[in-house]
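The hints should help you fit chains B and C onto chain A, whose structure is shown.
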Amino acid sequence: MTPSDDRGAERRAGPKRPALARETLLAIIGALALVLCAWAIPWLKFVLTIALAKGIAVLGILLLLRAGQVSFGHSMFLAVGAYTVAFVAPGTPEVLLLLPLAALLAAALGLVIGLFVVRYRDIFFGMLNLALSMVIYSLLEKMYAVTHGTDGIRVAGLTFAGQRLEREVQEWAMFGIALTLAVGFGLLVRAYLGSPMGRALAGIKTRETRLEFMGLSARLVLLFAYVLSALMGGVGGALVAMTSRHVTPQLAYWTSSGELVFIAILGGAGSALGPFLGATAFELVRVYAAAAVADAWQMILGGVLLVVILFAPGGVWGILSSKLKGRGA
Amino acid sequence: MPSTIIEWFSDNGLLFGLALLDGLAYAALVFMVAVGLNLVFGVLRIVNVAHGSLFAIGAYTAASIGIFFASLGLPMWAGYVALVLSALLVGAVLGPLIEKLLLRRIYGHEDVLQLLVTFALFMILEDVQKLIWGVQPIMQDAPMKFLGTVDIPFGDDFIPFTAYQLFVLPGVAVATLAALAWFLRRTLTGRVIVAVTTDKEAATAMGIDAAKIMLLTFSFGAGLAALGGALASPTTSLVPGVGASTIVLSFAVVATAGLGQIEGAALTSLMIGLGRSIAVYFAPEFEVVVPYIIMVAVLLVRPQGLFGVLETRRV
Amino acid sequence: MTEAVTRRAAMLGAAATSGALLFAGGNARAQAKPTELRVGITTFLSGPASVFGVPARQAAELLFEEINKAGGIGGIPVRAFFVDEAPGTDHLVGEYRRLVQNEGCQIILASISSGSCLACTPLSDEMKKTTLLWDCGTQRIFEEGPHPWAFRTQGYGTPEVLAPLLYLLKHKPDFRTLAVINQDYAWGRDSWELWKAGMDAMKPGVRVVAEMFPRFGATDYSTEVTRLLAARPDVILSTSWGGDLTTLIRQSTERRLFERSLFVMPIAEASLPTLGRTMPAGHIIGARGDHWNNHPAPKDPARLKRLVDSYRAKYNEYPIYPVHHMAQAISAMQAAYAKALAAKGAGGWPNDLELANAFRGLTFDTPTSSITLREDGQGLEDQIVGLSSFNDKYPFAVPKDMILFPAAMVSAPVGQKSTDWLKTLKPDFVAQVPAPMAG
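Chains as they are written, first to last, in this note's numbering: chain A, 1 to 329; chain B, 1 to 315; chain C, 1 to 439.
In isolation and in its complexed conformation, chain A is listed as follows (with noise of 0.2 angstroms):
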């Protein structure tokens, strides 16, 4: 028995009441807190904006990684969302509308590649994900008449509820979409985790064929993880798209796929909220150590994730929970 299959077991059980209150409470203060930041420093509202963005696709790694399956191509559903908005937005601007089209065309793919994948396990179900993300990729960049390779695609300018508005009130539309559409996911998750089918993804993990014993198609529980992680990513590229108002093929690049996993283990795979706080946390470190030395962030990025690793395996999350708990006891 290693130590991981001892914290699967208390995971297993589901948060109890106390747990459950200070991830509540922890999430609150979060969002308080980026409000006040984004309102404090204008810059890192767009900053914070795309966290939140991909700390909802990160929430499907965050499925994925309950039945102990890695996704190493999950942004190719965050480039589908993105190119979505980019290809429909000179049609049809309105927010409202391109977001569930968006999650929907994703959610799609999401459930053809599903059907695939969810045949295979660990480093084929990765590698699988790896080689699909690649070939939308390429296509991306080779199919320069459409999508116009590499130089990416500028998103025409967007109404909100009919409304076409200012830059700065524009910027805090999307932050507030952003924070409201993580907010509702986060909830989602919560609850499909605590779900039958929520609780069988620990199932594929630990063994898989008690799970089908009991009756219980491991297919059937992944590809639902799946799809609803392809639907998130959907959603979240969709935000970036409309956030950064540029969209390239670099989004669906197997390191782009690294960095969503990255942010997963960044922010603790234990709570709907860690995905969140690692992409905070990764966006963060990104900006600043940009700025402080411009041609060594990479070093810098992976560093931070070996001291993480090495020292703090449940991420963000298992730091700020464990510091809690230690308060309230």
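There's no promise every hint is true.
Going by beta-carbon spacing under 10 angstroms, a handful of chain C positions derived as facing chain B [said to hold, decoys possible]: (1) S46; (2) D184; (3) G217; (4) D220; (5) V225; (6) A230; (7) D244; (8) T274.
Because the hints were derived from the structure by calculation, they are not lab data.
Just so it is clear, CB atoms sit at the ideal spot from N, CA and C, and this is done for glycine as well.
Using the frame of chain A, we list chains B and C on its own:
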């Protein structure tokens, strides 16, 4: 339909032959990188993302040593010594260093953590390379120039190929494959490695020092990556980012081949090499996606990879 | 800079200015003279394109040092804030905001990559911040819509492709077949589209025997080289650059492809110092401008020599074109500030709008020539194309039989799309090509 195929071949048969020659050399380069990765994965169960960095560092080191040799006025064949030296250096110094300082601490943790440790290492090494070797392309082509070219007849015409590409690359790859096969099947250490690959728990129970085997395998894999880089260095210009694009292809090879299977890696590399060069001639738009299409196709038919063994499902 | 300090400072700042910050977009208020002139510079500091990005940063550091030694701009020192383009556009547009809103940069020098420029330019409109496109080449920027706050201080794709094409038509008018091998990304595709439009208009009937777009950053071209050897085209066009181009040239020379076909390489200049004597002689090479080390008649020879010598002394390598493009952007910035400050009178400092207005129609000197910014923001930079050759002065190839193409001759007129304009060219356009320069 058959008649059009025959027609096509009579029109393009010669070109097809050229594509095969090119594909062979490319396959050799792919194999050299992928086989080390596959070996490491077989024993350590870690997808080593930093393998690409080791490839790049091997290439840079070989070029640096080669340039140093040239500045000493050594003859051109010394370039080959530089290639080997670089592989030995990375295998004997960098490999053990990474294994002992980093990987050793996370054995037994979740797979994703192990993978991310190597991802972090990859990010760090990307910048380290840049700090050491700078950003301007570095090149050292003495080993390629030393052997000159060979003219291959092509209808009334002829096509010059470098002897390095035609003989050295495939030669080294075949020799590596044969040596590895012999080592793994015929020597004690090799058999122990195979035993750990197949069932680590049983092997440890029988008294095998798994830690030592892991150190050995990782260093060996690192050396192979560096050798792959060193072999590629005479024909290519070294720039930042060369590791990232190399490694992603090796991933595809490993999954297609079957875990830890060196023959599988060889066959997959061959399919990818030939598939790619045929694509360059006849459907250049698909060149980039060829490896992935091959991988998806193989895994559809054989979910455990070409040479993989189905693992028994635990209850 | 630590996060804690920034946060505290930001909180204080927020308390002081309260809600005013929220709507602080483009300001038309009177501008107090700052204590330093902050310049944001985006460039590649990692990845394959850092072969251009790092020399450009070195150039900026060198020149800023020089400027500050001489008293700065308008009496205040200049300070550069560098940003890496490599992490991608979503990161870059965030960094652009940081440069403007947090670092207080008064002017941004944006981007090597066309993708970065296409992302930053609309942002310059929105944030009303003067942005100099210091290196990117895409013709789409000013042809797909106006960008009143952006100015490109060098040439762009159209002249950089048309000049070598005209040189080829003059140098080897009888070629019948051509192959292209470009990097598979926007520039590789765009430059081929421009070339093809111009070639089909001025010399119809050329057969294209191979169109290859190998992966960006490819390390092996042996298959492509074999195919080119077998196809035996009269001319091979490649607008590749960096490591890709040096690899292509080395693998091609080794296999004697340069003996079978005439190469046209519009961006070869940056790779020549790396290639040294490996570069074959007698092929058409370009430099994305007129800034060759052996320019026979530079406008200000002393200044060119000073730039080359001081760059070499500091970094132990010859300057390549990104160095010159960075120097041009900085020259333009100096000239525009001088103009704006003169208009403002003693003690004044231009606001964002006044600064942008100073750039429109600005003419500034470069070591080799002078560049005028057109009314659409596009700079007119002359192009020099020549044949690769060797002399005793340089340990690498330099052009001979150079032809100087005046920028206005090879640029699409304001308001016209490049491909449409190129299609209107007639075969007799070649007759307007000037004679080779003396020297």
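Under the constraints set out in the numbered hints, which ones does this structure not fulfil? Violated hints: none; all satisfied.
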